[in-house]
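A.B. asks: Sequence:
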Amino acid sequence: MFHAIFLVLSRLYDLIIECRRVLKWTYAYGFYLAEHEHAKKQFFEYLQGEAESGLERLHQCAEKELQVFLNGDGPSKDFNDFRTKLAGLTSVTRNYFENLVRELENGLCDVDSNGAASSKATGSKNAAGSSKGRGGRGKGTVRASMSSRITDDNHWSCEQCTYANVRSATACQIVFTREGNDLVATQKISLAEALSGCTVNLTTLDGRNLTIIVNNVVHPEYEEVVPREGMPLPKDPTKKGNLRIKFNIKFPPRLNADQKSGLKKAGFRYHHAESDYLMLVYWIPHTPDSIPANASHRLGVGAFVVNNKREVLVVQETSGRFGGTGVWKMPTGAVNEGEDICDAVIREVKEETGVETEFVEVLAFRQSHKSFFQKSDLFFVCMLQPQSFDIQSQASEIEATKWMPVEDYAAQPFVQENELFDFIAKICLSKLNDNYTGFSNVPTTTSSGKKTYLYLNNDAIGSHLLASKEKA
Numbered sequence: 001m002f003h004a005i006f007l008v009l010s011r012l013y014d015l016i017i018e019c020r021r022v023l024k025w026t027y028a029y030g031f032y033l034a035e036h037e038h039a040k041k042q043f044f045e046y047l048q049g050e051a052e053s054g055l056e057r058l059h060q061c062a063e064k065e066l067q068v069f070l071n072g073d074g075p076s077k078d079f080n081d082f083r084t085k086l087a088g089l090t091s092v093t094r095n096y097f098e099n100l101v102r103e104l105e106n107g108l109c110d111v112d113s114n115g116a117a118s119s120k121a122t123g124s125k126n127a128a129g130s131s132k133g134r135g136g137r138g139k140g141t142v143r144a145s146m147s148s149r150i151t152d153d154n155h156w157s158c159e160q161c162t163y164a165n166v167r168s169a170t171a172c173q174i175v176f177t178r179e180g181n182d183l184v185a186t187q188k189i190s191l192a193e194a195l196s197g198c199t200v201n202l203t204t205l206d207g208r209n210l211t212i213i214v215n216n217v218v219h220p221e222y223e224e225v226v227p228r229e230g231m232p233l234p235k236d237p238t239k240k241g242n243l244r245i246k247f248n249i250k251f252p253p254r255l256n257a258d259q260k261s262g263l264k265k266a267g268f269r270y271h272h273a274e275s276d277y278l279m280l281v282y283w284i285p286h287t288p289d290s291i292p293a294n295a296s297h298r299l300g301v302g303a304f305v306v307n308n309k310r311e312v313l314v315v316q317e318t319s320g321r322f323g324g325t326g327v328w329k330m331p332t333g334a335v336n337e338g339e340d341i342c343d344a345v346i347r348e349v350k351e352e353t354g355v356e357t358e359f360v361e362v363l364a365f366r367q368s369h370k371s372f373f374q375k376s377d378l379f380f381v382c383m384l385q386p387q388s389f390d391i392q393s394q395a396s397e398i399e400a401t402k403w404m405p406v407e408d409y410a411a412q413p414f415v416q417e418n419e420l421f422d423f424i425a426k427i428c429l430s431k432l433n434d435n436y437t438g439f440s441n442v443p444t445t446t447s448s449g450k451k452t453y454l455y456l457n458n459d460a461i462g463s464h465l466l467a468s469k470e471k472a
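Letter by letter, the sequence shown follows residues 1 to 472 in the UniProt record's numbering.
In case anyone wonders, no lab produced these hints; they're calculated from the structure.
Virtual Cβ for every residue (Gly too), placed ideally from N, Cα, C.
Just so you know, not all the hints are guaranteed correct.
[Unchecked claim] Cut-off 25 Å, straight-line C-alpha distance, at most; resulting in silico cross-link-like pairs (DMTMM-like, lysine to aspartate or glutamate):
#1 Lys329 <-> Asp434
#2 Lys64 <-> Glu18
#3 Lys246 <-> Glu224
#4 Lys24 <-> Glu223
#5 Lys240 <-> Asp182
#6 Lys246 <-> Glu223
#7 Lys402 <-> Glu361
#8 Lys370 <-> Glu337
#9 Lys350 <-> Glu399
#10 Lys329 <-> Asp422
#11 Lys350 <-> Asp377
#12 Lys426 <-> Asp408
#13 Lys246 <-> Glu193
[Stated by the list, open to error] Label-pair ranges, simulated between beta-carbon atoms:
#14 Glu105 <-> Tyr277: 55 to 61 Å
#15 Leu420 <-> Gly197: 53 to 59 Å
#16 Leu191 <-> Ser296: 23 to 29 Å
#17 Val442 <-> Asn248: 34 to 40 Å
Construct the entire structure; sequences and hints are all you get.
C.D. replies: So this is what it looks like as structure tokens:
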């Protein structure tokens, strides 16, 4: 046995010493790599990082796990398993360094300065994952394909993590996501486990079994952090990042009467319901409940569409409050979930009248309470410019549609007798007479990167701001 150990060690440390020499040389290479060649630098750091990580795993296995067998007496089945694992680690590490040296000898020619990669470079990177390597800046999935070496009759060794998978497995059973020096794993748990606690069993990249007991209530954003179970830090391999466990909670499609009763006894209360789910909430901290109420407002739009003849597009509805009254009114409707006001009003006009329009500005808005489903209501009056003039009324909702002189619209008895309608009509007339300025929509971006619109008054200051944005 000792003779076998000696043979293994002699080959192993020859490889480790040679790899250390190569790494020392690559540090100088990286220092002198031109800063403007971002793609080459990124690819170099990726290759260097993979080589470093593989070497540290190999060195740790050789120094720590080998000690068990140096104190043993005679042959051991465990030693055969250890030798198989060590052979797999050695093969993987050698491959990493051969790839690194080959690319450096070729001047990283597989990647140009613009970031384009040849099929060879792309394939190499895809096979190993998409992390960026040294410095912990990478983010990618550590997962292997079947292009891995067979370690024995019953197992094959993953090229990425060297885990000995059973031969029947078509992909590596160890799947982590790398974020910097941290490893991230996602576990599926039931709602009952999320509320009452669970146990997570994981196999690490170096083959150890971890048992993590989670006693906290798990919510969708919860992470369980296991210190020092991540990737070795390139600058100090004795230190490691963390293992972060995220959770995918499997919610039951329905609850029986006993389950509902149990949740209510546990302190849950009904919050809101949609067509495909019922939301119950429970405030865990011993502080006043500050869970926001369900959506409190409904959004509506009204369209003031006027042509160059000072005619406004009006409709008569078949049902509802105005059905059968003979009142001519603006096209109106509700804003859909995820829809912008400026897009909603264009859609409503098209649906009710068939007329294509372009959004100009918001003229005014009003807020009312205890409206639809006892919710508050926000209603935006918008000015639009027609892009077509042929009318095609919506048969299911609209009885009649026409172009009507704006003065005749404002003179309708219903409009004049209704304070709010009369006020809106006067605002529209003032806009046509250039005595009123509304709110234009300006596309912008939120701090989280979402596209949105800012509505601002297009007066002298507003015009200056818009001009500055267009120049930028």
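A.B. asks: State for each hint whether it applies.
C.D. replies: Hint check:
About 23 Å separates the Cα atoms of Lys329 and Asp434, which keeps this hinted pair within 25 Å; it holds. Of the pairs offered as hints, the one joining Lys64 and Glu18 holds, with about 20 Å between alpha carbons and a cut-off of 25 Å not exceeded. About 7 Å separates the Cα atoms of Lys246 and Glu224, which keeps this hinted pair within 25 Å; it holds. Distance restraint check for Lys24 and Glu223: the Cα-Cα separation of roughly 37 Å exceeds the 25 Å cut-off, and the hinted pair is therefore not satisfied.
Using a Cα cut-off of 25 Å, the hinted pair Lys240 and Asp182 holds, with the two alpha carbons roughly 8 Å apart. Between Lys246 and Glu223, the direct Cα distance comes to roughly 5 Å. Compliance with the 25 Å bound is thereby established for this hinted pair. Between the alpha carbons of Lys402 and Glu361 the distance comes to roughly 22 Å, so the proposed pair stays at or under 25 Å and holds. Simply put, Lys370 and Glu337 have alpha-carbon atoms about 20 Å apart, close enough for the 25 Å limit, and the pair holds.
At most 25 Å may separate the alpha-carbon atoms for a hinted pair to count; Lys350 and Glu399 meet this at roughly 15 Å. Taking the CA atoms of Lys329 and Asp422, the gap is about 12 Å. The hint holds against a cut of 25 Å. With a CA separation close to 23 Å, the supplied pair Lys350 and Asp377 stays within the 25 Å bound. Taken as a hint, the Lys426 and Asp408 pair is honoured in the structure, with Cα atoms around 12 Å apart against an allowance of 25 Å.
At roughly 14 Å between alpha-carbon atoms, Lys246 and Glu193 fall within 25 Å of each other, so this suggested pair holds. Checked against the hint of 55 to 61 Å, the C-beta distance between Glu105 and Tyr277 comes to roughly 58 Å, which is consistent with it. Leu420 and Gly197 have their C-beta atoms about 56 Å apart, which keeps the hinted 53 to 59 Å range intact. Between Leu191 and Ser296, the C-beta spacing of about 27 Å keeps the proposed range 23 to 29 Å intact.
For Val442 and Asn248, the Cβ-Cβ distance of about 39 Å falls inside the hinted range of 34 to 40 Å, so the restraint holds.
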